[in-house]
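*Asks:* Protein chains in written order, with our numbering: chain A, 1 to 257; chain B, 258 to 626; chain C, 627 to 968.
None of these hints come from the bench; they were simulated from the model.
Here a beta-carbon is modelled for each residue, glycine too, at the ideal position from N, C-alpha and C.
A portion of the hints provided could be inaccurate.
[Stated by the list, open to error] Covered stretches of chain B, as calculated for chain A (at least 3 residues, CB under 8 Å):
| no. | segment |
| --- | --- |
| 1 | 456–469 |
| 2 | 472–481 |
| 3 | 485–493 |
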Amino acid sequence: MITLLEARNIGKRFGGLQALSDVSLTIRKGEVYGLIGPNGAGKTTFFNVLTGAYTPDGGEFVFNGSELPTGKPHKVVGRGIARTFQNIRLFRELTALENVMAGHHIRTKAGVWGVLTQNRFTREEERLTTERAYELLKYVGIERFADVVSRNLSYGDQRRLEIARALATEPQLLALDEPAAGMNATETAQLKVLIEQIRRDGITVMLIEHDVKLVMGLCDRVAVLDFGKKIAEDVPAVVQKNEAVIAAYLGGGKHAH
Amino acid sequence: MNELAAAIPWLGKRNPTAARWLILIIALVAPVIAWQFGRSWVRILDFALLYMMLAMGLNLVVGFAGLLDLGYIAFYAVGAYTFAFLASPHFDVHLPFWTILPLGAGFAAMAGIMLGFPVLRLRGDYLAIVTLGFGEIVRIFMLNLNYPVNITNGPQGINMIDPINLFGWDLSRNLQIGENFSINSLFLYYYFFLLAVAGSIVFVHRLQISRVGRAWAAMRDDELAAKAIGINTRNMKLLAFSLGATFGGLSGCLFGAFQGFVSPESFSLMESIAVLTMVVFGGMGNIAGALVGAFVLALLPEILRDVAVPLQQTLFGHVLLDPEVLRMLLLSLAMILMMLLRPAGLIPARARYSHDHHLSNKLKQEAAK
Amino acid sequence: MTPRTVVGVMPARLMDPTAAPDWRLVRLGKGIMETLIQQLINGLVIGSVYALIALGYTMVYGILGLINFAHGDVLMVGALVALQTMTFLMGMAPGMSPLVMLSIALLVAIVVCMLLGFTMERLAYRRLRNAPRLAPLITAIGVSFLLQTIAMIIWGRNYHTYPQLISTTPLQPIEGVFITPVQITIIFGSAALMIGLLLLVNRTKIGRAMRATAENHRVASLMGVDTNAVIAFTFVIGAGLAAVAGVMFASNYGIAHYGMGFMPGLKAFTAAVLGGIGNLGGAMLGGIVLGVVESFGAGYIENLTFGFLNSSYQDIFAFLILGLVLIFRPTGLLGERVSDRA
Numbered sequence: 001m002i003t004l005l006e007a008r009n010i011g012k013r014f015g016g017l018q019a020l021s022d023v024s025l026t027i028r029k030g031e032v033y034g035l036i037g038p039n040g041a042g043k044t045t046f047f048n049v050l051t052g053a054y055t056p057d058g059g060e061f062v063f064n065g066s067e068l069p070t071g072k073p074h075k076v077v078g079r080g081i082a083r084t085f086q087n088i089r090l091f092r093e094l095t096a097l098e099n100v101m102a103g104h105h106i107r108t109k110a111g112v113w114g115v116l117t118q119n120r121f122t123r124e125e126e127r128l129t130t131e132r133a134y135e136l137l138k139y140v141g142i143e144r145f146a147d148v149v150s151r152n153l154s155y156g157d158q159r160r161l162e163i164a165r166a167l168a169t170e171p172q173l174l175a176l177d178e179p180a181a182g183m184n185a186t187e188t189a190q191l192k193v194l195i196e197q198i199r200r201d202g203i204t205v206m207l208i209e210h211d212v213k214l215v216m217g218l219c220d221r222v223a224v225l226d227f228g229k230k231i232a233e234d235v236p237a238v239v240q241k242n243e244a245v246i247a248a249y250l251g252g253g254k255h256a257h
Numbered sequence: 258m259n260e261l262a263a264a265i266p267w268l269g270k271r272n273p274t275a276a277r278w279l280i281l282i283i284a285l286v287a288p289v290i291a292w293q294f295g296r297s298w299v300r301i302l303d304f305a306l307l308y309m310m311l312a313m314g315l316n317l318v319v320g321f322a323g324l325l326d327l328g329y330i331a332f333y334a335v336g337a338y339t340f341a342f343l344a345s346p347h348f349d350v351h352l353p354f355w356t357i358l359p360l361g362a363g364f365a366a367m368a369g370i371m372l373g374f375p376v377l378r379l380r381g382d383y384l385a386i387v388t389l390g391f392g393e394i395v396r397i398f399m400l401n402l403n404y405p406v407n408i409t410n411g412p413q414g415i416n417m418i419d420p421i422n423l424f425g426w427d428l429s430r431n432l433q434i435g436e437n438f439s440i441n442s443l444f445l446y447y448y449f450f451l452l453a454v455a456g457s458i459v460f461v462h463r464l465q466i467s468r469v470g471r472a473w474a475a476m477r478d479d480e481l482a483a484k485a486i487g488i489n490t491r492n493m494k495l496l497a498f499s500l501g502a503t504f505g506g507l508s509g510c511l512f513g514a515f516q517g518f519v520s521p522e523s524f525s526l527m528e529s530i531a532v533l534t535m536v537v538f539g540g541m542g543n544i545a546g547a548l549v550g551a552f553v554l555a556l557l558p559e560i561l562r563d564v565a566v567p568l569q570q571t572l573f574g575h576v577l578l579d580p581e582v583l584r585m586l587l588l589s590l591a592m593i594l595m596m597l598l599r600p601a602g603l604i605p606a607r608a609r610y611s612h613d614h615h616l617s618n619k620l621k622q623e624a625a626k
Numbered sequence: 627m628t629p630r631t632v633v634g635v636m637p638a639r640l641m642d643p644t645a646a647p648d649w650r651l652v653r654l655g656k657g658i659m660e661t662l663i664q665q666l667i668n669g670l671v672i673g674s675v676y677a678l679i680a681l682g683y684t685m686v687y688g689i690l691g692l693i694n695f696a697h698g699d700v701l702m703v704g705a706l707v708a709l710q711t712m713t714f715l716m717g718m719a720p721g722m723s724p725l726v727m728l729s730i731a732l733l734v735a736i737v738v739c740m741l742l743g744f745t746m747e748r749l750a751y752r753r754l755r756n757a758p759r760l761a762p763l764i765t766a767i768g769v770s771f772l773l774q775t776i777a778m779i780i781w782g783r784n785y786h787t788y789p790q791l792i793s794t795t796p797l798q799p800i801e802g803v804f805i806t807p808v809q810i811t812i813i814f815g816s817a818a819l820m821i822g823l824l825l826l827v828n829r830t831k832i833g834r835a836m837r838a839t840a841e842n843h844r845v846a847s848l849m850g851v852d853t854n855a856v857i858a859f860t861f862v863i864g865a866g867l868a869a870v871a872g873v874m875f876a877s878n879y880g881i882a883h884y885g886m887g888f889m890p891g892l893k894a895f896t897a898a899v900l901g902g903i904g905n906l907g908g909a910m911l912g913g914i915v916l917g918v919v920e921s922f923g924a925g926y927i928e929n930l931t932f933g934f935l936n937s938s939y940q941d942i943f944a945f946l947i948l949g950l951v952l953i954f955r956p957t958g959l960l961g962e963r964v965s966d967r968a
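For reference, chain A alone in the conformation it holds in the complex (with noise of 0.2 Å):
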């Protein structure tokens, strides 16, 4: 299988805080990875240093055969991965469809000059981009509300919202942090579906996640973090006997306070 993503030895410290130490994983093309372990582990943080949000202090990102830039968010969102938040976070005053729009961003090339002429090509790529965000509020099932004000859609449409944005930016990699974070029984049981719709579509889908069973349910394989170490990484199954795992769920271990 190919991989797609490669850590190596990643480190991120805060203060007096090792947030991460020496983290290294592996993500295969095509499949969906899952960064489980308790709150804290540094889960979030390894995401913040993979999308060039923090820089870290030591290791690197190889993604697709070559080394990722690191601490240049756009240089990351370009070459391909893209992500969510735990808390969402929309443009408020753009519309679902103008949210959509923006995380188009990137693959667009419009400047100033032919925004004023409004010339042949910036109107073409405008339509274009109009269209691709409507199709993809489709895929994510949220089209009606495509010229709702984002603040005010419901939460779960939020959720998706924040998919489609990510998706709009053509990424190679997916990273969905938390997704159904406060979502209900149905509504994560849709959001696997479209997170499963995504992977067939070539779409590989790094998932941080607090349901142990949407995690199972979903992933090829697992990684599991505590204490910023990796103490695990295989298939769902085989993390599940995992007693590293389980002592540190259980908030035993020598870590325990």
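Given chain A, work out where chains B and C should sit, using these hints.
*Replies:* Chains B and C alone, transformed into the frame defined by chain A:
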């Protein structure tokens, strides 16, 4: 324009086309009406149009990109002084209007980028103070650069600036039509400035509903998320600063030529604040808001000057509040009350950031299937 | 845009009598060492005033995250109210001892400013506590200009001579170095106030409540702290300090004016940022450092730029320092970070 039309009470919602025509007609006949009250009112309208351009430029920075700029008037100053340097007896240089205009805009844009670079990483409130400092530094230099080499002529400012000359047509002279009919120079300036404002509206509107406008709005609403979808926020901020500054520079050129002299006191902090109040008063982030805000807050102090002073004379026998105090009172109260009571502004229309018809075409196609 | 009177901004040369005459005098015939000490003293005097004002900024920022733009204008109100009181007392009781008179005036100014601080917080800032981030700042700017306008209505546009109730005859502790009793009073007075404030914040119950609120509003209120009261109290204390600083500032320069609060306000803000905003010790340090840098800068700028720039550019230093600190060390000398990162 549509937002502006929709904002007209009653008519706006029922018949937008009629509302649009109404605005156009008002814009065209306004100076004629103003003339009935005295020529100074036409002059005030001319200034109101300049304020509209400024407000639109600042709205780009504050309203669209969410960067609070308290030194905006500095760009206006750059434009005005560029014009004064290059078209006055001060250095005895007299370049043509169309040469200076792009230069003034260009220098202002450069100043915008110069200011933008160091302050990119700052949070909103710090940005505000640093831009304020920038504005003050520019003013201090204007005041003092008459020594040891006289560049700005210090507090006296620069006089006898050439008027606007459109390919040989001097706007400062009354236009003589036939024997006994002439159009006053103030009208000529009015219609020229009106054209400039109309052009600015088109430009700013196009920016707003484009990839660029969406990127600004995204950055304003959530900078982290904007980065996470690949927007290069540094470049977008610099772009906002420089484009906003360009508007300031252009209107500064027009101001210098129209007024005929420039001096540092036209570019005090109070003017930056005045333009900001116009944007806030009208509604941050929407063009119609900036226009209405500028129009109302440019005119109201003058009306007060005309009404309140005689009124105080008759009531108290002397003037308690002079017009300048009234203007400050009005602006500061407008700013506070607007923020407390109606933070979205006078015209709280939601700004669109995409072409309407693209989506409606798409939906029509869907329906046809 | 039509020519208007300059509003809100003080002509630098008018408001800058300390530094200018002193060092010019010094440069005439004194040695390098005396010049240095003289400028250090001048810097220390103005720096202590900046520090007092900076404390108000930093306390409010620490608790609310708000830059109270109108803080400088509270200083102006303090100075002018004290002036009004002194004028009144001079008319009523001409024989009163200057020190008593000054104390009464100071007290009145403090009370008025505290009321003003309380009112501002109550009427304007409290309602905006959860508003989008630009709203409180824009309101604060509005309040600043409103205060200036009201002061202009009450006291007019003129510069008022400030009664110098403490002697301004320079003493000469070292040959060639001058310091006036007013300046000595300023240094010791502000030092005493700062120590008092530190004790208040670190040793009292209300101080603990302030620190808790600054740490986390919600948690503090869950722990039984009345955060609204604490915030109001913070504004009141900051305003009281500003009132004292205003009287000091005006006494030092012998002049008062409706727009006098603007520049020292901005400089004190710079001082707060320089020291690390939200940090009391930082505000004090920043104030002193800024005062000294400014005093040295004004003294030497002419030589440094080969006569191209002169001391009328003095005000630029504060802005340059502000810009440089925010760009290169946004945490300030001692404080928390201010730039926006994930």
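*Asks:* Can you take a look at whether the segment 472–481 of chain B is actually covered by chain A? Rule is 3+ residues, C-beta closer than 8 Å.
*Replies:* With 7 residues close enough to chain A, the hint holds.
*Asks:* Taking a Cβ-to-Cβ distance below 8 Å as contact, does the segment 456–469 of chain B have at least three residues touching chain A?
*Replies:* holds (count 6)
*Asks:* Quick one: see if chain A covers the segment 485–493 of chain B, three-plus residues with Cβ-Cβ under 8 Å.
*Replies:* The restraint on the segment 485–493 of chain B holds, since 6 of its residues have a Cβ under 8 Å from chain A and three suffice.
Hint compliance for this structure: every hint is met.
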